[in-house]
Every structure is written in structure tokens, then in C-alpha cells.
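Q: Residue numbers (our numbering), protein chains in the order written: chain A, 1 to 493; chain B, 1 to 356; chain C, 1 to 502.
Capping the alpha-carbon separation at 27 Å, the derived lysine-lysine pairs in DSS-like fashion look like this:
| no. | chain 1 | residue 1 | chain 2 | residue 2 |
| --- | --- | --- | --- | --- |
| 1 | C | 73 | B | 92 |
| 2 | C | 254 | C | 222 |
| 3 | A | 441 | C | 260 |
| 4 | A | 11 | A | 84 |
| 5 | A | 319 | C | 212 |
| 6 | A | 446 | C | 260 |
| 7 | C | 260 | A | 292 |
| 8 | C | 276 | A | 488 |
| 9 | A | 224 | C | 260 |
| 10 | A | 318 | C | 212 |
| 11 | A | 445 | C | 222 |
| 12 | A | 423 | A | 343 |
| 13 | A | 491 | C | 276 |
| 14 | A | 438 | C | 254 |
| 15 | C | 222 | A | 297 |
| 16 | C | 65 | B | 278 |
| 17 | C | 260 | A | 297 |
| 18 | C | 254 | A | 224 |
| 19 | A | 297 | C | 227 |
| 20 | A | 445 | C | 329 |
| 21 | B | 50 | C | 73 |
| 22 | A | 441 | C | 254 |
| 23 | C | 312 | A | 301 |
| 24 | B | 92 | C | 53 |
| 25 | A | 331 | C | 222 |
| 26 | A | 441 | C | 276 |
| 27 | C | 65 | B | 92 |
| 28 | A | 292 | C | 312 |
| 29 | A | 441 | C | 222 |
| 30 | C | 227 | A | 491 |
| 31 | A | 423 | A | 297 |
| 32 | A | 319 | C | 312 |
| 33 | B | 139 | B | 185 |
| 34 | B | 178 | B | 143 |
| 35 | C | 212 | A | 297 |
| 36 | A | 318 | C | 312 |
| 37 | C | 245 | A | 446 |
| 38 | C | 73 | B | 278 |
Think of the hints as simulated: they come from the structure by calculation, not from any bench.
Because the structure is a prediction, the values reported are computed rather than measured.
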Amino acid sequence: MPTHKYLVKLKYLCEKNEIYAYFRNTREQTVKRFSFYPYFILQKDLDAKKVQELLFDFKIKNFSIEQNNGRNKIVSSSFDTLKKISKVLAKTTNKKHLVLAPERTFLLEKNWSYFDTFSFESSDAFEKISRRKDFGFHLIPEIAFEEALCLNEKQTSFLVEQSVFSTLLRVPLAKVPKTIQEKTEILLENIFFVNGGIISWKNDEAFYSYNEFAPFGEYDSISKIDFAVIWPQLFSKNFFNIGQETMNCSCCKPVKLDDTNLLPSSRIEVTFNEDDSFFESSSNTFTLEFHKNNSGKEFRKQKRREFCLRNYPIGPTKKDFSAKVPLDDAKQLLDNNIAILGKKHLPQWFCLKKESFLSKEIRLVNEKSFEEKKQTLKKEDNLFEKLSFADLFSSTLINSMNSLLQELPFQLTNPLSSFFEPKLAKAIISIQESTLAKFTKFSEKKGYRVLHVNRKNAFVKGFSSLTLTKSFSEELAIPQPQIASFSKQTKLI
Amino acid sequence: MYLDDFIENASQTINATHSLHEKTTQRLLPLKQQLSPNGIENFTETIVPKEFSGKLAGVDSGFVSKKLSFMDLVLVRTVGAIFSFNSSTLEKAEYYPSAVLLPEPVLLKNGLEKDEEQQSISLVRLEREVQTSINIIEKYYPKYLFIDGSILPQYQDKPRKESVINDEYNSVLDLFQKLYEVAEKNSCTLISCIEDSRGNRFKQMLSLYLETKPIVTEQALNGANDSALLDYFLLKGERTFCFSYTGNIGMHPILKDYKEKWSKNIRVFYLKASDFDKPLRVEFISKGDTKKEADEISSIVYSLSSIHKEYSYPSILIEADLRARLNEQDISIVYDKLVDKLGPKVRMRRNARPFK
Amino acid sequence: MKEVLGTVVSTIEGPSPSRIDFVVNSGKAHKGMFVELVYSEGTMIAMVDELIKTNRYFERPDSVKTIGEELEKNFPAADWEFLIAKAKPLGVFTDKLIQRSTFPPSPGAKVYVADNEHIKKFLKLDEDGMNLGQIQFHDVLMKPNLSKLLQKHLAILAMSGAGKSYCVSVLLEELLSRTDEQGQIAVIAFDTHGEYTCFGEPTKTHTDFSSKTRVIDARNIKLSLAKIPRYLLDKFLSNLTPVQKRELFRIISKLSQEMKSGVGPFNINSIRAEVKELEPKLATALNFALDDLERLNLFGKIDDPSILEIAKPGQLTVIDLNGLISQKKKQLIVAYFSEKLFSARRQMRVPPFALLIEEAHNFIPESTAAEHALAKSTLRTIAREGRKFCASLILISQRPKRLDVTTLANCNTNIILRITNPNDLDHIKQSSEGVDSNSSSMISSLRVGEAMIMGEAVSAPTFFKVRERTSAPSKHETTLEESAKKFASDKEKQDDEIDAFL
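Okay, chain A solo, but in the shape it has when bound (with noise of 0.2 Å):
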């Protein structure tokens, strides 16, 4: 009869190459011990002969690139000498690869995460399996999950919560982060690792971060409408197919304005008709890029002043005076006969044709998820049953991937995160801003108010706005908006 044991630690063994796994259960403990060299996946811009070539110039041997499944791969015994290595590519080639520790590159090779079930036909022949069991014994063995779940639900539920990001992430449970962003940033390093993505690009590309407010006082009848459900699924290849790696691609360059490929960040280069004329951007980005950047800064203060404006007027503009802006905005324009269209463009486009690793992990998370939905539901027919560890579990596991992939957008934009990328975060944002500012025309077309949104959330006046998150989802043909509450006096934030 096979038993069932949980991976509940790791510990590399560097002078020995080795991984030590440690699997219990409530009753016994199995350690196995893996052969193992700590490695990374070389860029694949870089050729590895003259990669070797350069680490010898600088006296480093005591390493190996090796080809794994189209890929070449930096192995050493030494994770110090592969931390070196990471450390001498970044300054010779401007691309710094992600070392990861040991443990959790093993666990990204494996595929295996902490809290694992596996079963153990014999102490050789084990195996890792999808059903998960009650490992509540681990996180609390002092008394049974369940009384502890009554005495001190909070804890409780924290040390779950810590135990699925601990499998979510890779990481032991002592080093799961305290911030959703560092959890994210983990996610990322995983991701990139897998895909051989690099960090930290050296750019001197402006990046202009909008702090957002929220309007002061309360309001009522407030409907809170949720966006960040959507963005994991709208960056993914159904919609946007985020990714460095195939963003500007050169098998789909658009030719034409209305191309859907275009990111709504392309930078469209238009001609003004009038003098001295102000337009309101969809881009808060771009309105203080243009804002830091351009003359005429007292008079967009005065008219944010004069006519309380969320942001800065864009203007003002020139006559036959030429300007890049957003997609989006340039058609704007075009339509209302305020500019017309010029030639020298920055255009911005995904690739239709290959997705993005980002997108693929993305698609796997929400699949995963999904599936824990799908197990979830099956258990909710008897409401009487008492909420168990796999349940809390579950259930956790769900709100974690739904949370991470949330905070994924948000820690790409972020300029403090590794895997920070101007062109990705602008690509991002734009997203993020076009969809909610055509939510915004959509909803005062359908003569619902916006009072405020951010890059999470809609403010909209009234009760009715399932409707029509309904009929924006449909008109634009993009995941439906959630209502994340209704309230009948609220602040909007």
C-alpha cells in the first residue's frame, strides 16, 4: 500500500552537489537525496563558445554550458562560481541571468513544489501525485487542524495561507514574503527562470509612474467594480499576449491604425489644426510624460485648476505642430478633425502568431485555478460539513493564484521589481488605461456615472452596473468586469 508523504523541505549540499528532500507524514519522514548542480539558462542572444571564452578570460572553469531541450545552460558545482558568472555576463553583456537558490531551481526542474503529495511505493519508487491530503499536521502539530482552526481561526488561516504561497512560490515556509509584491516578484523570478527570461535591462527609457487619488468624501450608491480580475487573463494571448520576448515582433507589423495588434502604447504621431487647444488624454502616463516634458506647463495647471481635472490638459498644442501620442488619443483626434495623421510613428505591437512565456504561465495559473474551482464546487453541496484543511486549502490556493496573478501587471510596472521592463510596463499601463477609460465613454453612453477609477477598480454611480459591465464585456469583447460590492455610502478607494 503506498504512502503518502508531503515535500516539506529542501536543502542543497554544495560541496557535496547534491539536494537533500525531506518527505513526512504524520507518522515517518523519508529523506532523498538528488544529485544536483545549480545552474541557469543562458540568454539565448548569447553564443556559448564565446561565452566561455569570455568567463576563461576572466579565470572562471570551474563551470559548463550545457544544451537542455534547445537551450544552453550554465551548470557549475559551485553556486558561488554560478552567482560569479551571473555577476560577470551582466557587466560584459548588459544581461544579468536569474540565479535562483539551489533548492527552488531544483524544485522549477522537478516541477515540484513544498507540501507536494507523493506516493512512496517503496522508499525508491515514489511519485509525485495531484491529490492533495491533510498536511495540517505539519503546520500546527501541536493539536488537530480543526480545533485549531476554532481556537484561532486567523492564525490558522494564516499558516495555510503561508503554506500555499509556499507551494504557489517554491520557497520554504519560513521564507514565504510578507507583501503580496514580494510573492509576485517570486512568481516572476520562477517564470523567468523557467523560460530563460533575463532581468534588469539597463535602459534609459523615461518611465513616468502616475500616482493615482481618490476623490475625498463619501458617496452614495456606489457600485465597486473590480478590474484586476481581468487584466491577468486580457495580457494573456486571447487578448494582448504580453511578452518581452515577442512584443514588436517582426512577423506582425501592423500597417494600419485600426491593426489589432497594436498596443494601445504605440506612440502615433499626429499634426495639429489648431492653435491653442487642450484635449484630455485616456493615458495618465503619457499626460505626465508630456506634462514633465513640454512647454506650457502654468497653463495646464491653470485649466487642471480652473475645472478640477483628475489630470493635466494635454496642449497646448500648436498649429502644424507634430506630437506622439497614444494610440487611442491619435484616433481620438482623427475623428474630431483636431489633428491629422503623420508619418514618423513609434508603434507598439504584440505578435499574433507566437505566444509570450508570460502569457503561457499566465494561461496555466488561470487553468490551475480553474480546476481547483472545479474541485471546490463538487465539495459545496454539503453545506453542513465542517470546513476542513483541504478545504481551507483549496480555497486558499485559489484566492492566492487569483491574488498573484492580479498583482502580476502591477509588480511588471513596478520599477522596484527585477523583472521591471519600460516597454512591457507601458505596454501594461495602456492596457490598463485604455480599457478603463473606453469603460469610462462606455458607461456615460449608457448613461452610468464614473466617479473614479484606478488600475483596479471602477467607482460607478448606482446598483444596475452588472448590466453593464455585462454589455461592456460584450461590446469589447474582453473577460467581464467583477462587482467587487455595492454600497450605499462609501469612500472611493
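Here the structure of chain A is known, so what remains is to put chains B and C in place on it, guided by the hints.
A: Just chains B and C now, kept in the frame of chain A:
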């Protein structure tokens, strides 16, 4: 009622008189082409207008008088107009002494009788006019000089023998003769034009003529003067024959004081220059060829006088008159200044009436 | 040595402090000419307001007719011609000051053509002033001082075709040509017929003012709903009951409050969203009213353009109302911007400005219902109080009779071109003490391009000829023949194209 009757009666009388004159003249019309008593012209001669180029002058004066308590104040202005014509078109107009002349106040002798007053006033005027004429001739050498009124002083201008103003009269007489001389010397023809003449000389001569050919009775001619008769007799553009100023120089109160050279040669004719105005009496001093002179003079007088269909008078005299004319207000300035200076004693008693 | 023009004569009426007659001895006198004479009080300046020629020879019409051509052939008629000039003393000045005429000159006093420097001094013209043209009969430019001309408001009155748009164009050229040192004001022109849009077009053949001119098509104007004064909206929505209006204003007030809290500006749709929550009948009525507002295509979240953009020193902003058919829309635009500009000026947020209003009688009519004259009360306020804040009005009208009397009376300077309508002339006489019956008759005989200026800008009514404009003429100035020819040729072209296509 009385006034209406009077008007009615007067109208009838005047109409009747005019009607009589007209009928009488109608009957005399056949005479027009008959030889006149002067033996060289017909009764009427046709005036031949000729183009004139050259200078001609005209003198006129204006005067107003005001009675002071024991003497008379006269304001007189005498102006001569000198026209330069070229082919009967006026080219230039000059004035002597000037176009705009301040009038001259003159205080008449005091202690004059009523008839002497008028004569004195007239003599002052005549003296100024004649002197001005002399000066014009000597300065401008006009071919013709027109005089407003008779070419010689009138009977009513001559004072009584014992009058204190006889000296003035004689002086004027001498001046007139000096004028004739100056004119002759400078080849200037003097032409007098008299409007509204009451002369009867033509009628006298006609009456004599009719004694032999009684076309009309003498009574028919009664009540008519030369102008009245000739108004119907002459047509526009016609003149009468020339005749002497008087039939008896020796009896004439003025001409008898003249030198014979002048008294014998003053000639007269009437001409009609307008359809609706009375004939104009023209006097001149003939040098011998009376007809020729009359033709010449009538031509020039006609040209200058036939401008208006209801009023015939030489334009130059009209102009001179306009320049010379005075009105009552003009003398008031002088009068008022005298009164201011001398007080009310200078005023006539009648002018001092407190209530009006 | 100055040539004597004439000599003062004695008449029944004068010479008196208010009238002198003089015989013109040499040279020419003209109606409207300035003359001067020196006498015990100083130098008297007078204006010839009538000229009479007399000639004794031509006193009797029957004689003149009868004599005909012979008159001049036989009489020195020309020598009898006298020109009598009747002049109105305007003032007396000495080295120190200018005062009104209180003592007459003597008959016989010599009259001269007024000296140019005296004219300038007397009329208080300014070397840095606005060159509007040349004073008639004198070699003096009509250069009134900017403040005197505009600060207490200006009215330009003339019948159609008399040249008032041309005159206004000259005025605008002067305003735009002023340098910083001379002082530049902003000019905002409400151009009913698009006559001044030419200032905004670059040109090589005329003086180019395009860099200083902004032309705004009124069809593209948007007014901020949040900023519209309540009283304007009240007049505009005259079809709503007081209860309905109150509710609407309550909503607008609420939205304004939210706007200030950070929600941002609102539009008609935002109001509709709030109206949805009202009781159905009320909501329906308000929705109809909102439909009316929406149809105007005039309201938006923010002003476009805003007053800060249109009021710039040394700049002309032409708001071209030519494309608008709706009189209500025109009224609202004029009312709104006037109100906003004046309010901003009081707070010193905009520079001193002049508001030019064509067809002013449509915007400030004498007697019209309030909803058809939305701008009236604001413009009246500006007329009354604008000078304190250097907010000036330039009113242009060809129907002074229809213009509000109070506002017209507040225009202390008038430039009057040709007007023949007796009602209009009477109206002007009543509202301007500088116009008497002589001036009135002169006004009706002015030719195109001649004008009379009077009031604050000059110390006496003065005739001048408007100078030639240097800017490009309006393209709207087309003749009937040209228009007909163009239509025919366009039609021919169209027919040819259709034939080619078929």
C-alpha cells in the same frame, strides 16, 4: 367800401388809358417806316447788335439822407464799374475807386429851405458821379461811359436865383462840361440811360408831324408820355429816330447855361430792349454823324440791356448800382454816433417822441 | 506768416461764445474744418458746421432762369459771390489750459485755418495713440489715446455698407501693432459674420497678423456645465417650472461639489445619470430639457477654449459666430464668455481686454424678453463698471435705435459713420450730447470711409477719413456678380464630373 370803389375806379381809368394808348399807337404803326422829322432816319430804326470788345464804364451812386434838427446828413457812395469785354463776353470787371467802398457822410449846409435841401442832396450826388466819371475816363480810357440818369442836370436840381446853393449848382454845371471835354478828348462816348422817363419830346415832335398827317387826333395823344406811347410803338430791337434834347435851347433852364458846343449837340432816342419793359431813353452828345452814332450807341445799349425780358437796363449800370447802393441802416451808424456825441439836441423833434 | 482764411462778421446771432460767422476771404473753408482765431481770451478753436455762399445776382430764381447764360457774359457775377462760414466755437486755449468758450471774439477778428499742433493739443491726440485715419481738411492724424478711446467704452455706429467693418479692422490693426512698451491689451471679438477671421490667415501681400490672432469657430466651442452661471442657465431653460429648475440646479450643485472633491468635471450625461434617480415625471421633464441642451452641441466638461487662452495681451481672438444658425447658442456663447472674462478680470486673472461685439443690438437690445437677450445683463454690467477694471466694450451696430439706451449712453466715445435712418439719428442725438442738428445732417451726408468721432477720446466731435487698412481684406467681401459667376462655374464643373463618371 370806399377803398374798394376807389380801386375799381382807378383800375378802370388806368386800363382805359392803356387801352387808348394802345389803340392810338396801333394807328400810328404805319408811320414807323416813314421818314422822321430829322430827315435822315425813319421813325423807327432797327437796332443791329454788334459784337463789342473793349472797355466800357458805368457810374452810379447811392445815397441816403437823414434830417437832423437844423441840418441834413447825407451818406453818399459813388462807384464806377469798368468792364472789359471780348467779343461781347465780359472778361474782367474793375471798380473805381474800389469794389467795396465805404460811403461818405456829408453834412449839408445848414439853414436850407425845403426845396434847397433836395437840390443840395442831388447836387452832392451829381458832383460825386461826374467827378468819378472824369476820373474813370482819365484812368481807364473806356470807349463808352454810361451815366445813370440824364446827361445833364435836371430842372429840379437848379436852385432859385437867390439860393445859397447856387455856387454848388454852378460848380456841378462846370463839372458836367468838363466831363464832356474829358470824354471828347479821350474818345469816350458818354451815354445816359434814363429808366421811367417822363419826357414828352418825342410826343411833341410827333404832334407836330401829325398836324400835316392827322392819323390820330391830338386828344388821343393826351395823357401819354414818350415812354407810354413808345411802349406800344416800338418792338424789341427797335429805336426811335434821334432828336434834339429840346426844341428851344435858349429857353431850356439848364441848357441855356451850357456852352453852345454841348447844348446844341445833345441828342436823344428811345430804344426797346425787352419785350415786357418800357423803352429806355438814351441821351448822348453827338459829334456830327448822328445816325451812325445812334446806331453804334443803340447797338451797345441794346446788347447790355436786352438780357432780361422784363427789365431792360445796361448791365454795367446795374452793377454800378449794386456796388453803390445804400440802405437806411447805413446812415444810422453815423447818425447814432452824432447823437451819442452831441446828445438829443441834434435830433428832430418828431424823432424824439416818447410814445410810438 | 499764416494766411488769413476769413474775417468774423457781425450777424444777429453773433459773434457769441457759441456761434461765430466769418466771411472767407481767401483759400477754402470746408464743413467740418477746424479754424482758429486769436483774441483777448486766448486762441479760440472752432469748427465750421455750415457754409453758405451768397451772390446777389442769383437771388431771384426767375431772373436767373430768364437771363440764363447771358448773366455771366454780361455781369461780373463771380465777384459777387461770398462764402460765409458758420462755426461753432469748441473751446479756448492758452499755454496752460483749455477751457470752454465763454466770451465772444470781436467782429473783424481774423480767422485762420487751425494750426496742426493746436488741433492735436486741443483734441488731446496722442503720438502713441491709435492711428485711425486723417482728420478731414487737416494734415493731422486722428490718433486718440488708447485709454481715452476704449476705457470708457466705444460704440461704432453706421448703416450697412458705410465702412464700419473696415473701420473696425483698422482699429484692430492698431491694437495688434502696439508694442509692450506702449501697452498691449487682449481683444476678444464676437464676429457675427466672420468678417475678422482674415486676421488669422497668413498673408504675404498684406500685413500679416496671423501670429497674433486666434480664430475660433463657434461651432467647436464647448462650455463647461459646471461653470455656467446659474442665472444664465435659468434664463436659458425658461420652459422648466421653478420646481424642475430647482431640482436641476440641486443636481448640478451636487455634481459641482463632487467635482471639487476630485471626481472631475461633469457633462450632460452625468446629469442624466443623476436624473435617473428622480421621480419619473420630474425625470422626464428634466430629460427633455437636457435633450435641448445636448442638441446645441455646446456643453462639455470643460471650457474649450478657456478664457485664459483667449485673453492674452497683444492677441486678437476672433470667435467666429458665422457658422451658427441658432441665435440662442450665439447669445449663450457671448453671455458666457463676457461673464467669465469680466469676473476673471476683476480678480486680475486675465489682462485688460476689449470685448468687441458685432451686431451689438442683437445682444443688448433695448426691449426684448430676457431669454432672447442672455448677454444683456452682463454686458450692461461691463458697460457700467468695466472701466474700473479695464474691461472695455467695443459695440458695433447699424441699428442704434435698437441698441439699449443705457449701454449706448455708457459708451463715452462714439465713432459714427454714415447713418441716414432718421430714427437712428434721433436716437444718437438723444444719447450723445455732442451731436446737434448740424452734426446730425453731416452724419447723414458722410461718404463711405468717413467718420465722426466724439466723446471721451476727443475734446470735440471731429470728422476724419478712415485710413487704408494694411491687413488682408475679408474673404466674405464678395460681390453679387462674383458670387453668381462662381456658382455657375462650380455647377459647370460638377456637371462635367458627372458626365465623365457616366
